[in-house]
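Those protein sequence lines, which keep their order, are chains A and B.
Residue 8 in the UniProt record's numbering sits at position 8 of the first sequence, with consecutive numbering throughout.
Residue 39 in the UniProt record's numbering sits at position 39 of the second sequence, with consecutive numbering throughout.
Because the hints were derived from the structure by calculation, they are not lab data.
In this text, all values refer to a predicted model and were calculated from it rather than measured experimentally.
Glycine is no exception: its CB is placed at the ideal position from the N, C-alpha and C atoms.
Any given hint could turn out to be false.
As the list claims (entries may be wrong) - If the Cβ cut is set under 8 Å, some of the chain A residues that face chain B in the computed set are:
1) R13
2) K77
3) E172
4) R209
5) I213
6) I215
7) G221
8) F222
9) S223
10) G224
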Amino acid sequence: MSGIDASLFDLGRLDHLGRQETPLHRLDPRAKILTTAVFLVCVVSFGQYDVAPLLPYAIFPIALASAGRIPFDYLLKKLLIVSPFALLVGIFNPLLDQEPRLQLGSLAVSGGWISFMSILLRFALTVSAALVLIAITRFENLCLGLQRLGVPQVFTLQLLFLYRYLFVLVDESRRLVRARALRSVGARGLGMRVYASLLGHLLLRTLDRARRIHIAMRCRGFSGEIRSLQPLRIGHPEMLFTLGWCGIFMVLRIWNLPQILGDLTLRLVT
Amino acid sequence: MSRSFVELERLAYAYPDGTQALADISLRAHQGESVAIVGANGAGKSTLLLHLNGYLRPQQGRVRIGDLSLTKESLPAVRRLVGMVFQDPDDQLFMPTVAEDVAFGPLNQGLPVAEVERRVNDALQRVGALALRERPPYRLSGGEKRAVAIATVLAMEPAMLVLDEPSSNLDPGARRRLIRLLAGFEQTTFIATHDLDLALDLCSRTVVLREGRIVADGPTAEIFVDAALLAASGLEPPLRMQGCPLCGQAAIETT
Chain A
1 MSGIDASLFD LGRLDHLGRQ ETPLHRLDPR AKILTTAVFL VCVVSFGQYD
51 VAPLLPYAIF PIALASAGRI PFDYLLKKLL IVSPFALLVG IFNPLLDQEP
101 RLQLGSLAVS GGWISFMSIL LRFALTVSAA LVLIAITRFE NLCLGLQRLG
151 VPQVFTLQLL FLYRYLFVLV DESRRLVRAR ALRSVGARGL GMRVYASLLG
201 HLLLRTLDRA RRIHIAMRCR GFSGEIRSLQ PLRIGHPEML FTLGWCGIFM
251 VLRIWNLPQI LGDLTLRLVT
Chain B
1 MSRSFVELER LAYAYPDGTQ ALADISLRAH QGESVAIVGA NGAGKSTLLL
51 HLNGYLRPQQ GRVRIGDLSL TKESLPAVRR LVGMVFQDPD DQLFMPTVAE
101 DVAFGPLNQG LPVAEVERRV NDALQRVGAL ALRERPPYRL SGGEKRAVAI
151 ATVLAMEPAM LVLDEPSSNL DPGARRRLIR LLAGFEQTTF IATHDLDLAL
201 DLCSRTVVLR EGRIVADGPT AEIFVDAALL AASGLEPPLR MQGCPLCGQA
251 AIETT
């Protein structure tokens, strides 16, 4: 299977995960979006050198992923794919900031390494939370939820169509790449030069197809409003979900749980 | 005689690049009539169809569907009357599951969810695709896609159906099922097609387009025996009306 095929399959998998039927999937998207937003704000609000207080936050993506039947290896793989960005952001910290901040026995850990760890941890937490959110919510409901929460329609529609046309785009590029591969008889085709023309074709074809899909949508009465068969409703489960998690986030934000636990164990031991 | 249901009056349309796609098209069809639009590639069939539900607005002339004259204001009402099935079902099916795709139109009409559910099931039942309900459209076969595309339009309960090349890319079995399905429709139907055998089965009347103009308009049976007219329009008589290569008998001279 070529790379493009595999990535399309992978996208389809995320879509498929979002369509499962679990109590978590049935929650109103607004509750999930709000909770995730609070989670993100809490996680990024910690100081540059905080590592330990961030650790308990992992409970949110982990709990949601297991309740939503999202395979962990899938999430980990996705995290690995985007991790170079975080690595790039933090990789120079250990070089720039060499002042020792932590003494582990005879080993001094510099501030740079700690902040690098902190960046990686924050990256893992925020990206996994966002991934889990998409994997436990149908994408069109996610857009609908955002819209109901006051995000302007222009943006929610962009998001919705970006996602839908992505499949179209990948499909078209797959055909182009296959056509090139079949006629280059195992050789390298015409090298890089041909890619410029391929890209141009891809753009035109995609525009053309997008236009036809747009006609089809207009013909069926689409007026720019997203509608869904699943009615949106904020009930007790939604309240419980949002307030419960936000409460946990607040507690974790105010008290450094690992430190308290550590102190407690120390006191018990001595 | 009852008033016609569809009326096109001196319709003309040129694309922005200057290509005159339609010129001086006048056409009437009464309620329940099924009309085949035939002609060579680029003769203007698709452009004509796009006028019938107001996707293109006439640059010259007038379009009337039912009691509605096509204007910017009447557009939503006209689209409710006219169901359009596109040539490539992949263009028409853009929602994640078959059921959601069929529900797209009725939801946009603002119908209550229970009614939408009923219509989705009815429409899928009618095209024999109820079992496909929860499948993603892009994993269906060509024939299944076509059936679902027709269901998406039926669910809107249109008074008129417009189909662009409904039998293209179908295997013979799927094509036959499609013909049986379309034969059961009572709506006014316009079918643009190269499949003249299908037109012969389904349409009592045929309109021949050539370079954006109507060159013939009459009973299908009469049009299809006029070999000179068909040849000049880039067409051939339906295969059933041509000679049999096995018994060596030429029915109509086609060259």
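Verification of the hints:
1. R13: violated (12 Å)
2. K77: violated (22 Å)
3. E172: Since the shortest Cβ distance to chain B is 11 Å, the answer is violated.
4. R209: Where the cut-off is 8 Å and the nearest Cβ of chain B is about 7 Å from R209(A), the hint holds.
5. I213: holds (5 Å)
6. I215: Holds, about 5 Å.
7. G221: holds (4 Å)
8. F222: holds (6 Å)
9. S223: holds (7 Å)
10. G224: violated (10 Å)
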